[in-house]
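Chemist: What follows is each chain in one-letter form.
Number of protein chains: 2
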Amino acid sequence: MMRPFKRLLSREEALAIISANVRRIERVERIPIEASAGRVLAEDISADLNVPPFSRAAMDGYAVRAEETYGAATYAPKRLRLIGRQNAGEWFEGEVGQGECLEVATGSPIPRGSDAVVPMEYTGLIGDIVEVRRPVHPGANISPEGEDIKMGETILRRGEILTPGKVGALAALGRDSILVYSKPNVAVIPTGSEVRPPGSPLGRGEVYDTNSYTLSALISAHGCVPKRLQVVPDEPEAIRAALRMGLDQDLVVFTGGSSVGTRDLLAEAVEEVGRVLFHGLQVKPGKPTLFGIVEDKPVFGMPGYPTSCLSNAYIFLIPALRILAGLPPYEPRRVRGRMAERVVASTGREQFLTVRVRDGLIYPAFKESGAITSIAQADGYTIIPINADVIEEGEEVTVTLFE
Amino acid sequence: MMRPFKRLLSREEALAIISANVRRIERVERIPIEASAGRVLAEDISADLNVPPFSRAAMDGYAVRAEETYGAATYAPKRLRLIGRQNAGEWFEGEVGQGECLEVATGSPIPRGSDAVVPMEYTGLIGDIVEVRRPVHPGANISPEGEDIKMGETILRRGEILTPGKVGALAALGRDSILVYSKPNVAVIPTGSEVRPPGSPLGRGEVYDTNSYTLSALISAHGCVPKRLQVVPDEPEAIRAALRMGLDQDLVVFTGGSSVGTRDLLAEAVEEVGRVLFHGLQVKPGKPTLFGIVEDKPVFGMPGYPTSCLSNAYIFLIPALRILAGLPPYEPRRVRGRMAERVVASTGREQFLTVRVRDGLIYPAFKESGAITSIAQADGYTIIPINADVIEEGEEVTVTLFE
Numbered sequence: 037m038m039r040p041f042k043r044l045l046s047r048e049e050a051l052a053i054i055s056a057n058v059r060r061i062e063r064v065e066r067i068p069i070e071a072s073a074g075r076v077l078a079e080d081i082s083a084d085l086n087v088p089p090f091s092r093a094a095m096d097g098y099a100v101r102a103e104e105t106y107g108a109a110t111y112a113p114k115r116l117r118l119i120g121r122q123n124a125g126e127w128f129e130g131e132v133g134q135g136e137c138l139e140v141a142t143g144s145p146i147p148r149g150s151d152a153v154v155p156m157e158y159t160g161l162i163g164d165i166v167e168v169r170r171p172v173h174p175g176a177n178i179s180p181e182g183e184d185i186k187m188g189e190t191i192l193r194r195g196e197i198l199t200p201g202k203v204g205a206l207a208a209l210g211r212d213s214i215l216v217y218s219k220p221n222v223a224v225i226p227t228g229s230e231v232r233p234p235g236s237p238l239g240r241g242e243v244y245d246t247n248s249y250t251l252s253a254l255i256s257a258h259g260c261v262p263k264r265l266q267v268v269p270d271e272p273e274a275i276r277a278a279l280r281m282g283l284d285q286d287l288v289v290f291t292g293g294s295s296v297g298t299r300d301l302l303a304e305a306v307e308e309v310g311r312v313l314f315h316g317l318q319v320k321p322g323k324p325t326l327f328g329i330v331e332d333k334p335v336f337g338m339p340g341y342p343t344s345c346l347s348n349a350y351i352f353l354i355p356a357l358r359i360l361a362g363l364p365p366y367e368p369r370r371v372r373g374r375m376a377e378r379v380v381a382s383t384g385r386e387q388f389l390t391v392r393v394r395d396g397l398i399y400p401a402f403k404e405s406g407a408i409t410s411i412a413q414a415d416g417y418t419i420i421p422i423n424a425d426v427i428e429e430g431e432e433v434t435v436t437l438f439e
Numbered sequence: 037m038m039r040p041f042k043r044l045l046s047r048e049e050a051l052a053i054i055s056a057n058v059r060r061i062e063r064v065e066r067i068p069i070e071a072s073a074g075r076v077l078a079e080d081i082s083a084d085l086n087v088p089p090f091s092r093a094a095m096d097g098y099a100v101r102a103e104e105t106y107g108a109a110t111y112a113p114k115r116l117r118l119i120g121r122q123n124a125g126e127w128f129e130g131e132v133g134q135g136e137c138l139e140v141a142t143g144s145p146i147p148r149g150s151d152a153v154v155p156m157e158y159t160g161l162i163g164d165i166v167e168v169r170r171p172v173h174p175g176a177n178i179s180p181e182g183e184d185i186k187m188g189e190t191i192l193r194r195g196e197i198l199t200p201g202k203v204g205a206l207a208a209l210g211r212d213s214i215l216v217y218s219k220p221n222v223a224v225i226p227t228g229s230e231v232r233p234p235g236s237p238l239g240r241g242e243v244y245d246t247n248s249y250t251l252s253a254l255i256s257a258h259g260c261v262p263k264r265l266q267v268v269p270d271e272p273e274a275i276r277a278a279l280r281m282g283l284d285q286d287l288v289v290f291t292g293g294s295s296v297g298t299r300d301l302l303a304e305a306v307e308e309v310g311r312v313l314f315h316g317l318q319v320k321p322g323k324p325t326l327f328g329i330v331e332d333k334p335v336f337g338m339p340g341y342p343t344s345c346l347s348n349a350y351i352f353l354i355p356a357l358r359i360l361a362g363l364p365p366y367e368p369r370r371v372r373g374r375m376a377e378r379v380v381a382s383t384g385r386e387q388f389l390t391v392r393v394r395d396g397l398i399y400p401a402f403k404e405s406g407a408i409t410s411i412a413q414a415d416g417y418t419i420i421p422i423n424a425d426v427i428e429e430g431e432e433v434t435v436t437l438f439e
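First to last, the protein sequences are chains G and R. Residues 37 to 439 in this note's numbering are what the first sequence lists, from first letter to last. Residues 37 to 439 in this note's numbering are what the second sequence lists, from first letter to last.
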């Protein structure tokens, strides 16, 4: 039962296996644009109208026939008769005739007959006569119909992530709903006969479920929907049943199984109905991390210790979640700083050291891989290369921030 | 009516005024920890229990009396009688007596009588006799009760932002709900007699509301809840009524009012019942941005042009939203790259140039401040300093990403 790990894979090998075996889900749904920021567009969006939908004034001023302003100067103004005023949202039914002008506000339609706008500041008003003090050329201070977007033009494409600006563009095109890729559903299955959900009293020998909450928060932050299942005891039939139930979702993450025996239960359950693609990584903490495919769906087994689970989820689970959701690779923020104290590393495995960042100095937050304080207070992690023995005090390191 | 702007403020002056006049809201609410990631904690969290809640095995192996292993070696093993097996989640009622040991799994309680765990790999099992091949010291491979967190210790403090790791720490302490600061509600009020909501047909001279959607997406992304009000026509009484209605929320943002006249309507409405703290900025686009305080609540007037509105919201509105929500200052991601083409800047005003980033080259995305394509396709903006005339092709610039 206590089967040894097969060859331990490096982080890079594991990530390559994950990206080769996870694909975007193809389920789509129609949602209102109000709820679409951050979502992945599942249709091309082309314009059903010109933007602007009509030629409009780009300044407050007077709509004129440009040629009638030629030669205008401060001391030799051209005089035009004001035939009315048109605000944005109004539609002047008349026409600007010879020797005439119409007051327009920014955004208001350009009336028939006129072909330019003289800005307010280059004019004076005496009774119903407008004095134009500078000439304008045809088209001056006008945004012509379709200048920005021409009807039929494709503005956004399937697969794009909707930023606030793109949501605004959808609105500008008059779209109130769009097709997006559905958020993948992720089964989160805590295991361990000693594990109890928070909010209930602990019996002797029991501890609270931590990892399914950590993971669910991470899953929500990366475009997926966590579905937390009940805690599963360390028994073969229970693990098998939980796996079957988890496969109703798009991805399954088991967490817990801190003992070698429990980890093997999951590996065996996956092997029975699918394939284990790796089980065991050359990283610390996180050696027992498991990844497999069952019925085309990715299955992860995360380490049971909270710090191991969290750092392995940042490194291995997030990439899978984002591929599934159609999101671009995660680019976490990184900061550089100097180690505040000497850290002895374990050679032969790449080490993820959880750290705190204070005033540019980097302090190890890691107490032991079970430590809750470590995940509660860590700002991020730094990677100690596979063959490093030690990081000296004052050595510069890069910290990837937990966010 | 067409009142000129007073002195134009710099970006820094405007930001200083905003941060001096906006405070975190003090409303709190109790929520389940499942929904707490990203929220701001409104209570100190101290531990109601020790973590771990009992001394437990840190390895799979045998619980022993350490002194009985002294002198053990591969070819001179110490022999102990196996009195049973205890998994995680079980509680062994007996005691490990002299010459005895108990099999334990990682995470299982340390039975009475024993004071160390010999890892499985340093043992052999013959019938009910365990051969111990290495000595262990007292406490070896045990996580003692309270090692990580001692009952009564404060683990998280009011004002902290709940990361996935901190949510996990709450779970580990058995908390299923917590007090957080409520998300501020933000009234978003589109103005303009020509503005119609998307999803409805456009009449002549009308355009679709863009900015209230852009702003709502941004407001959601920065810890607040947008409450979009109906489009308000450019009329004094309508603006006044919308302001009154908006003041039911924690912050009010008007958008639109592209003409000078409309902008003045808002300034007048704010002055009647509160104070305008600035109206007019030395930035392009965005000159007309307005900020005031009414009944202790911040009121913004954003420019009407989509690109102006969006870039000014990134720069001036987000800081206010985050203060209100109790979030730390936004640190957007920045990238550096070389300008792909020469850009002529307008001197005398700081210019926010929306740009696209492609293969490390920076292209202006800005067509004109009304351009929807500009906000749809821009990846971010670069700031052209107030006295720069031009950015040369190949010059290196910093781009702040829209995200």
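What the hints contain is simulated information worked out from the structure, not anything from laboratory work. One should not assume that every hint holds.
If chains are identical, the list can't say which one is meant, so a pair holds when it fits in one copy or spans any two.
[To be verified] Restricting the straight-line Cα-Cα distance to at most 20 Å, the calculated cross-link-like pairs of lysine to any residue (SDA-like) are:
no., residue 1, residue 2
1, 323, 363
2, 320, 232
3, 320, 358
4, 263, 213
5, 333, 311
6, 263, 307
7, 263, 127
8, 323, 156
Note that the structure is predicted; figures quoted are calculated from it, not measured.
Chemist: Among all the numbered hints in the text so far, which are the ones the structure does not match?
Modeler: 1, 2, 3, 6 and 7
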